[in-house]
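Chain B: place on chain A using the hints.
Single-letter residue listing:
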Amino acid sequence: MIRSLALLCLALAWLPVTHAQTPADPSLEPATTVAPATTGGEPGPADWMAYGLDIAATRYSPLDLINRDNVANLRPVWGYRTGHLPDQEVVEKKWAPETTPLKIGDNLYLCDALNVLVSLDASTGRERWRYDPRVSTDHIPYSATCRGVSYYEVPDAPQSAPCKRRIIEGTLDAELVAVDADTGQPCAGFGNGGHVDLMEGMGDSVPGYVAVTSPPTIVRGVAVVGHQVLDGQKEDAPSGVIRGYDAVTGELVWAWDMGRPGESGLPEGDEVYTRGTPNAWTTFTGDEALGLVYVPMGNSAVDYWSGNRRPFEKPYSTALVAIDVTDGEVRWVFQTVHNDVWDYDLGSQGTLVDFPVEDGRTVPAVILPTKQGDIYVLDRRTGEPLTPVEERPVPASPLPDETLSPTQPFSVGMPSLPRETLTEADAWGVTPLDQLWCRIQFKRANYQGMYTPPSADRPFIQYPSYNGGNDWGGAAVDTARNILVLNYNRIAMHDQLIPREKANEKGMVPLGVPGGTTSSGGSVPQAGSPYAVSISAWRNGFTGIPCTRPPFGGIMAIDLKTREVLWNEPLGTARRNGPFGIPSHLPLTIGTPNNGGPVITAGGLIFIAAATDNLIRAIDIDTGEVVWQDVLPAGGQATPMTYEVNGRQFLVIVAGGHHFMETPAGDYVVAYSLPAKGDPKLPDFLKD
Amino acid sequence: MSASPNAHGFAYWALKLFAVIVALIGLALAAGGLWLIALGGSWYYLLAGAGMLVSGALMFMQRISGVWLYWLVFAGTLVWALWEVGLEPWSLLPRLLALAVIALLSLAFVPMLRRPVGREART
Numbered sequence: 010m011i012r013s014l015a016l017l018c019l020a021l022a023w024l025p026v027t028h029a030q031t032p033a034d035p036s037l038e039p040a041t042t043v044a045p046a047t048t049g050g051e052p053g054p055a056d057w058m059a060y061g062l063d064i065a066a067t068r069y070s071p072l073d074l075i076n077r078d079n080v081a082n083l084r085p086v087w088g089y090r091t092g093h094l095p096d097q098e099v100v101e102k103k104w105a106p107e108t109t110p111l112k113i114g115d116n117l118y119l120c121d122a123l124n125v126l127v128s129l130d131a132s133t134g135r136e137r138w139r140y141d142p143r144v145s146t147d148h149i150p151y152s153a154t155c156r157g158v159s160y161y162e163v164p165d166a167p168q169s170a171p172c173k174r175r176i177i178e179g180t181l182d183a184e185l186v187a188v189d190a191d192t193g194q195p196c197a198g199f200g201n202g203g204h205v206d207l208m209e210g211m212g213d214s215v216p217g218y219v220a221v222t223s224p225p226t227i228v229r230g231v232a233v234v235g236h237q238v239l240d241g242q243k244e245d246a247p248s249g250v251i252r253g254y255d256a257v258t259g260e261l262v263w264a265w266d267m268g269r270p271g272e273s274g275l276p277e278g279d280e281v282y283t284r285g286t287p288n289a290w291t292t293f294t295g296d297e298a299l300g301l302v303y304v305p306m307g308n309s310a311v312d313y314w315s316g317n318r319r320p321f322e323k324p325y326s327t328a329l330v331a332i333d334v335t336d337g338e339v340r341w342v343f344q345t346v347h348n349d350v351w352d353y354d355l356g357s358q359g360t361l362v363d364f365p366v367e368d369g370r371t372v373p374a375v376i377l378p379t380k381q382g383d384i385y386v387l388d389r390r391t392g393e394p395l396t397p398v399e400e401r402p403v404p405a406s407p408l409p410d411e412t413l414s415p416t417q418p419f420s421v422g423m424p425s426l427p428r429e430t431l432t433e434a435d436a437w438g439v440t441p442l443d444q445l446w447c448r449i450q451f452k453r454a455n456y457q458g459m460y461t462p463p464s465a466d467r468p469f470i471q472y473p474s475y476n477g478g479n480d481w482g483g484a485a486v487d488t489a490r491n492i493l494v495l496n497y498n499r500i501a502m503h504d505q506l507i508p509r510e511k512a513n514e515k516g517m518v519p520l521g522v523p524g525g526t527t528s529s530g531g532s533v534p535q536a537g538s539p540y541a542v543s544i545s546a547w548r549n550g551f552t553g554i555p556c557t558r559p560p561f562g563g564i565m566a567i568d569l570k571t572r573e574v575l576w577n578e579p580l581g582t583a584r585r586n587g588p589f590g591i592p593s594h595l596p597l598t599i600g601t602p603n604n605g606g607p608v609i610t611a612g613g614l615i616f617i618a619a620a621t622d623n624l625i626r627a628i629d630i631d632t633g634e635v636v637w638q639d640v641l642p643a644g645g646q647a648t649p650m651t652y653e654v655n656g657r658q659f660l661v662i663v664a665g666g667h668h669f670m671e672t673p674a675g676d677y678v679v680a681y682s683l684p685a686k687g688d689p690k691l692p693d694f695l696k697d
Numbered sequence: 002m003s004a005s006p007n008a009h010g011f012a013y014w015a016l017k018l019f020a021v022i023v024a025l026i027g028l029a030l031a032a033g034g035l036w037l038i039a040l041g042g043s044w045y046y047l048l049a050g051a052g053m054l055v056s057g058a059l060m061f062m063q064r065i066s067g068v069w070l071y072w073l074v075f076a077g078t079l080v081w082a083l084w085e086v087g088l089e090p091w092s093l094l095p096r097l098l099a100l101a102v103i104a105l106l107s108l109a110f111v112p113m114l115r116r117p118v119g120r121e122a123r124t
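Those protein sequences? They're chains A and B, same order as listed. Residues 10 to 697 in the numbering used here are what the first sequence lists, from first letter to last. Residues 2 to 124 in the numbering used here are what the second sequence lists, from first letter to last.
So that you can see chain A by itself, here it is in the shape it has in the complex:
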């Protein structure tokens, strides 16, 4: 049944419907609306208002109904399936929902990986409405991902006006969609029947090239949206322009196009937003008081060679950019890698805190962790570092046609995520034979520490890598106790530049040319530059065992006052990992690769899934000890969230799996709470 429904949805998805031109016909929506929902009251501590709890993204809930004393009794109390899985091949190669729902009043709001919007009763998980923007699967870029949706209340509209309260999302097929939060009906006054076409002004593109995977950040009524541009395809890629849209009307308020300084409107005539510029694919943070949005930027499309980059793009690549939401002007820039050729793009969402400095004062700050393991603390008014940052010399490129920065910044005033310099003795395996093979690979490769320049004559080892450090799950901060909690990966990569002639022989072509694909996780063509690049995790090709030792991932807590590490523990058990891809079923905490962030509550608990063991767990924030865990019906590569409704605290996670993390795919929403009388019967997928 579910499968045939999924096939039907897929079939519908292929229909050439363009919502931007025609208002969606409400009669086409599945008739599952049960009752008009009550949104009730002002948002409060019981709510989860934005992707990271609120636009400051602290992921710190003041709720303590679930706490250290009773967490052992936490049980699943309801489950829900979004019911929209496409065909198996797409699911296996592309599925990675990464979704965190919102909770406002007594409603949950979320999207599935193909942008179907859903509202659920926050106490029971019963579906209230759904809205399907019909995103075709050929628009899926690297992954089918929708990290979440955004909530906005129109300040001067009467309470009963349609779309007074609205849910806004960006889609994989590059639209901004707004629907009424109570009914799921598209907002007639937003764009064209509730849809805004984000491809306007973008020029040439093909499906899968430009996709929105993160929720817009709404500051002072402006919905700021970035988009992913598929990595590594070609120099002439669509623009990475960042845009602000009126959250009421969907009109473009400004566009920050770094290639057209001084202009903030839609390009006129035949012009398009400057092509091949760095993009921002992760979630932004916002500050209502300052009117700023903090945009973690990535790289332009050619990640591993810088020779074709233009002077105007270099300052913004792999940098945190503070943009004024009223006019789209850049207020300040802080660059975490100069001339990045390592794909150390900023994946982490910044987190806003009042940072404790000397003599008991606090400074409004943004905390930004990176993939290479630095944790930056910046004054969010000016971008000035609040903890010491040093420029240190790094190796030069061996390539004749590459010039790298002679120095790179290191955040020496804060602890860094584990990233020790590797030696031959760090090469790992399970037996002396596979260890020996990894040692040979290490000695054959080029390695000069974390800024080892890419090379073509032999492989180069990247550690930490674009999979390392902290990523889109970001960090959480216990703002009451000034404790920063963040999870990280320790994964080395074994990469090599491929000269163009050789890449041509291998038939490496970009997306849009016959033979090109959206599979950007491995080798990519980097067309228009002299090199393609081969990218793979550094592991034994035969057994699949990594060439670096466990833990492959961990979680750490840092005291923001003393700037010292409180504890640092491996995250994730070996139950689903083992040689030859065979699950070992061992309860051993090995520390697995992980994706998805932590949540902290005033109950003294950290909730996190993220690891490849399909577990969700509660960790005591004082000790780092796991005090509760449960098996999810699919991979938990998403940040959980928590809220209170009717005097009861819930913990909710989307268990959707992740193709790159090789965890089982699913469409599950699972809610945990302390059991109570009258809890609905659990669905089969939550029974033990």
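Derived by calculation from the structure, the hints in this document are not laboratory data. This one's a predicted model, so the numbers in the text were calculated from it and none came from an experiment. Every residue gets a Cβ at the ideal spot worked out from N, C-alpha and C, and that includes glycine. One thing to keep in mind: the hints can contain errors.
[What the hints assert, rightly or not] If you anchor each label on the Cβ, the simulated ranges turn out as follows: (1) A/Gly-687 / B/Val-102: 48 to 58 Å; (2) A/Gly-516 / B/Leu-88: 47 to 57 Å; (3) B/Val-21 / A/Val-640: 37 to 47 Å; (4) B/Ile-38 / A/Pro-596: 39 to 49 Å.
[Claimed, not checked] Calculated lysine to aspartate or glutamate pairs in the DMTMM-like style (CA-CA distance at most 25 Å, straight line): (5) A/Lys-570 / A/Glu-634; (6) A/Lys-696 / B/Glu-85; (7) A/Lys-452 / B/Glu-85; (8) A/Lys-696 / A/Asp-279.
Okay, now just chain B, sitting in the frame of chain A:
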């Protein structure tokens, strides 16, 4: 060497198989170790591999000295592993676990190797 193959029991063939496995692992370690030295890496693998190759050959010839030689390699490995990575458990795993299993298995053949060669062929 002794008479027809079917004159030998399970223990005899187990020893032969074990000896061949030890020798092959030794050969692989020695060959890879030589490559690693050529790349400027550790000498351990060549030395340990050569030791295991000779040990396997001796055990194949039913010499108890093969077992003693293996234990010498293992003792050396232990010292080398502690010198190279200290007490870090994950780093000790590849260096010690598999070789420790082989060391323990080798002890099972000691009683049979201590008897003069011809007499154990009872079945």
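Original post:
Out of the numbered hints, which ones does the structure contradict?
Top reply: 6 and 8
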